[in-house]
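Asker: As given, the protein sequences belong to chains A and B, one line each in that order.
As numbered in our numbering, residues 1 to 798 make up the first sequence, in order.
As numbered in our numbering, residues 1 to 798 make up the second sequence, in order.
Please note that a few of the clues may not be correct.
The list treats identical chains as one, so a pair stands whether inside a single copy or across any two.
As the list claims (entries may be wrong) - With a straight-line cut-off of 27 Å between C-alpha atoms, the simulated DSS-like cross-links for lysine-lysine are:
(1) Lys702 / Lys752
(2) Lys702 / Lys78
(3) Lys667 / Lys150
(4) Lys667 / Lys752
Worth flagging that the hints you see were computed from the coordinates, not collected in a lab.
There are 2 protein chains.
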Amino acid sequence: MANITKKVSWSSRHDEPGATGEGTPLLNGSEQPRYSRQLSGGGIFQIGRLSTVDLDEEVASDQDHLRSRPKEIPHNEKLLSLKFESLDYDNSENQLFLEEERRMSYIGFRCLEISRWVVCGLIGFLTGLIACFIDIVVEQLAGMKYQVVKQNIEKFTEVGGLSISLILWAVLNSAFVMVGSIIVACFEPIAAGSGIPQIKCYLNGVKIPRVVRLKTLLVKVGGVICSVAGGLAVGKEGPMIHSGAVVAAGVSQGRSTSLKRDFKIFEYFRRDTEKRDFVSAGAAAGVSAAFGAPVGGVLFSLEEGASFWNQMLTWRIFFASMISTFTLNFFLSIYNDKPGDLSSPGLINFGRFESDSVEYNLYEIPLFIAMGAIGGLLGALFNVLNYWLTIFRIRYIHRPCLQVMEAMLVAAVTATVSFAMIYFSNDCQPLGPDHSEEYPLQLFCADGEYNSMATAFFNTPERSVRSLFHNQPGTYNPLTLGMFTLTYFFLACWTYGLAVSAGVFIPSLLIGAAWGRLFGILLASITSSGSIWADPGKYALIGAAAQLGGIVRMTLSLTVIMVEATGNVTYGLPIMLVLMTAKIVGDYFVEGLYDIHIKLQSVPFLHWEPPATSHWLTAREVMSSPVTCFNRIEKVGTIVDVLSYTSTNHNGFPVVMHHAASDEPAKLCGLILRSQLIVLLKHKVFVELARSRLTQRKLQLKDFRDAYPRFPPIQSIHVSQDERECMMDLTEFMNPTPYTVPQETSLPRVFKLFRALGLRHLVVVDDANRVVGLVTRKDLARYHLGKHGLEELQLAQT
Amino acid sequence: MANITKKVSWSSRHDEPGATGEGTPLLNGSEQPRYSRQLSGGGIFQIGRLSTVDLDEEVASDQDHLRSRPKEIPHNEKLLSLKFESLDYDNSENQLFLEEERRMSYIGFRCLEISRWVVCGLIGFLTGLIACFIDIVVEQLAGMKYQVVKQNIEKFTEVGGLSISLILWAVLNSAFVMVGSIIVACFEPIAAGSGIPQIKCYLNGVKIPRVVRLKTLLVKVGGVICSVAGGLAVGKEGPMIHSGAVVAAGVSQGRSTSLKRDFKIFEYFRRDTEKRDFVSAGAAAGVSAAFGAPVGGVLFSLEEGASFWNQMLTWRIFFASMISTFTLNFFLSIYNDKPGDLSSPGLINFGRFESDSVEYNLYEIPLFIAMGAIGGLLGALFNVLNYWLTIFRIRYIHRPCLQVMEAMLVAAVTATVSFAMIYFSNDCQPLGPDHSEEYPLQLFCADGEYNSMATAFFNTPERSVRSLFHNQPGTYNPLTLGMFTLTYFFLACWTYGLAVSAGVFIPSLLIGAAWGRLFGILLASITSSGSIWADPGKYALIGAAAQLGGIVRMTLSLTVIMVEATGNVTYGLPIMLVLMTAKIVGDYFVEGLYDIHIKLQSVPFLHWEPPATSHWLTAREVMSSPVTCFNRIEKVGTIVDVLSYTSTNHNGFPVVMHHAASDEPAKLCGLILRSQLIVLLKHKVFVELARSRLTQRKLQLKDFRDAYPRFPPIQSIHVSQDERECMMDLTEFMNPTPYTVPQETSLPRVFKLFRALGLRHLVVVDDANRVVGLVTRKDLARYHLGKHGLEELQLAQT
């Protein structure tokens, strides 16, 4: 357990020095580390001790002990990492901001509104283009690969020596995956996986370093192409969501820090609040392009991210979604030589479910619910296995070369298993007149027949899903489906979490479709009158929904995505019932896959609601204290010292005011952020200098926007000894009206305020408006409902 | 202008005395009337004057003048009525509440959660049943009526004397409408119209008296049956939303105050916050049953009401929606002798749009957008006409008998116009082989033909819509459609706002479908190759969407409702584009119909965002002051006097604490509501009594819940002269941690806090935590963006 590096974590990388700002302990360090609390409850929170605040005596003794070993604490779900910073979804309404807003005319606001629409349109368009690019390249590469292998197999089927084909296949797969894995593991580890957990965190308000950078996008797109072409049990849909989010974050800022280009547009949007709204739109556009589900995309964004619903914002998000799916559809129709045909709105196309043929009956509903329960169970099993695997990976497979090797191994094994399954399968089916199979493998089948197992394995997963949904009854025999489900389940489980860009949606759908179809076939064979159960495709769809719901545990958005992907609202009710059952059953055992991964990264994620039994706690127990405060007019030296003091790394500082005449205690009069102080120091906004150089340009909001979001660390700012003696007037720059709560406020009430307004710092005051503490995201995220009631997570630097 | 009564207003009725609590000026009276502000700005707000607070000198002179004439101020959109109270969507977390929460175990919370699901299931089920009942009764009654009239027409077509048929038709219609109008106008005026504006207000946090009572539901259901059977240009869909909301409010409380039955269940849900959540679910269930659109229902609830999105809540709302449409479908299938057939999920059924036949092409999109613009224009025209009409009605038609007579007149005119249109139309069409027309009228057509105009007029509007969508090309000739659009447009416009329960969805769809189909036919006749434009049904659908969007201006939810009602996601993009265009074009001229009616009722409605240019204003300018405060331990006499003082009618009182020793000014230590004080007074929770009678039962949360929501007025509580000298300790009952803002907070910031948390009172404090003012809904709703920049609405008692 000692050799934990931070390579596998989202939060930081060794090879990136502090110079860039993000990820440095200084700038993005935590609020005050709370070692005192860390051990006091012994992991499990003891309610009885909370009403007292007598924990201070433990601090001194424990502190040294703890400081020596934070590295030893492994990633696990009982920790909250202090590495993750919050985003500030509450505007700092300082004087500069208010002046700007007040200067702006009504026409100005209209123009802003129009540019928001323009940005959303651009986001949708670019996301659609990226989806289109991925789709075409994957199809070309996979097509080439399967052609080569197929020819090879056909050649060797007759002469013998199919092991050469196997090797060819495995090598081709591994080569693709190697490329994809290397760029991910070595250049941008954050691009691994589907990116959905990261986007969830971002929208929740957690700053995940480098998650919306251009480099991440490039690696993501390249990685997903390689991993899908490499035949892994992955989908290209999840990464689209991340890609859309990156596009949104880039476009909305009107510049690229990576490319060092500033287009001087959309400067107004350079703050966390505005950026978040656009990232929501980008994620929605990604879902929309992936599944052809614009409404589902909007709901995904809302379900996973937003907490405040706003009609115009939602409508803009929907606009981005629509443009995205439309762009994809338009370009794909040109690519497919059917311009103007609007029938492929997403990367995955479930094919057309005609309502006449596949209507369901009332008495089938209990069966659907049973399938939902199966999906929930299998999903929970999948998640548990993947959880163990992820812990194993965090502990032992953290070096890039090991990660690449593991990915290549998985690719080779996938090819081998597939080959073996196809080889030993003797499920031969006659080739249909219309040759609906893309790459029919004859192998040992008679002429005019093809190997049925190969349609499932020797194909991109998207096509396999479609075949399972729509192929005629009798295309697959039950044994084939059973074997396929079994092997693919474990392959997919092993694959998720590799250092490759890849989504889990399609593998889940595929597993579910396979056992769903099996379920349908068995049902038809049991019942005597085969006619009404005749269509196993319907059961494949329900199975797919059940399995996906059991793994990811999404609710409304997934229902709508599935309905939109089938293009038929008839299945709304059964899909909802199935997802509901799968979620209830699955939640009984373990959380959803994304939540597991978020927890394993120790992200301070705020859920929808505070733990139910947390009314015991008040702000007094929850808050961090004592708080470092500044005076309204503060000495530069003090500020520099506080900012440089590495062990605290506060990001928000209450500003207080002493009444000169009386000796009343200081009252809260504002809140200033580390990033604002940095900009002030950089521009040397000192009282003395302002007096001497009267013509000096006044600091404007633009200066803060230019520095956003990569504020330099304090070390890079040189402050001379003379300057240290100067004073800085914070009045103009602090937020003069931070939200506050009294000490007696209950945790749920604090939580509600914090979550609803997307705060980063919430000042706790006493009845005379004096600062007594500060509540941050980590203070709230620490409490969660465990098996033994309310538990408190430990905080760690890991 | 002098004879304004309040009969036509939502807020109060003359015939209901103060005894029931709601609607009395005392209990539901306003926060402090702000006469001083009322005239100071002269209607239009003058920014320049705001930074000073020197308005006080004007008060004395203006006050008497103003008091004398509040009755004279007509309902108009430049007023905010003080009659409307707020709902309290922020829990009062007093000691009683916290104790209860802390006593509750984790299991207890799980049970609560489960009962929430049960309630939602019940809401869905009952809403579905009501929809089913309405549908069947309307079908039977309308069927009987049309049969009788048809036979009569057939009889007199040959012998002459069709005027007798006309009279029969007109009398039948008027009779139905008379019944519907009498129950609405005389028994429950709040049940008039679609109820959507009222539910919007309720979800927004405005207490509309009697809006969720059982009596309202009964009148609504009876009224809608009569008005639809009476052949008015109305739909039965809008009222379903209101009905669902009433069902939800009733079921979730586990009792009916009207029936005086208390089932002693769901007592935990007896507060505004919980009730609102269920009402959201009820409204969603109503939409779902009306249009067969469960997802659209959820989105409707969110778009019109909620501001805080919560995954589990949304999922529950969706559950209620699904159950509702399923229940309706199930019972309708039994009624139609096709048990198990799940093809009629809503009251309105757009019929099946098969994707093959009606796909659209890229080059049609500009046409769709043009249709959207037409829809926006026509919608704006509709709204403007209806606005004038409503003003006229408010001024002159406010007595029930006049209202009933107007409704009967409209019914008779509708019948006459329809008859005339049919009579003078010579558009004969051959009867199809399958007799798809329900009541084909032959009139003067040849045998085997029927009058085409009659399919549009001589039918329930739902069927007419479906015919316009799906009848074969060539069924209608352009003149018929043009005439129909024209007449129906004015009829529908005249009808909306009558004292009958009726929705505007279906008439809008019908108008739009008619001109849309006309558009399609003209297009086909212009273009040479008729084949691609061959299907006018597609244009009818787009026209329907455009017209509806132009009138109601809903966005995402309407898109989804339309898509779900067509059962085909292919039309998602064009419908979105059309609705977007219609909204943009329409908003340029006038607001949506519901918003117009809300404004005309002077409801203090909080929109999504504060006016864009309101950063000028701070809490200091916005708040009401001075504020009546209570001491933590207050004399009973003082409390009774304050509560009885009719001219202020505060509902929330900050509780302050004087430090006994020093002469420091009083600090805020809590907030107590009028309703809580009333309960305390009723139970005589006095300090002296508690001392003397030690065994007295402690007041519990249950006592407050039992009194909810109809708290008695202060007059009904007898307090003896001795008791007036007692003291009351408010500590246990006040909310000890009300949200506060400093005086310098900008209006947008105040607004955001207020709206996001659904507050009713927001205390404004100075830097020493002393109360300086109180912000309520009316203080925020007053400001809106008019043509001349920021405007301030006047407050009036009307």
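Asker: Checking each numbered hint in turn, tell me which of them this model violates, lowest number first.
Answerer: Checked against the structure, the hints that fail are numbers 2 and 3, while the rest are satisfied.
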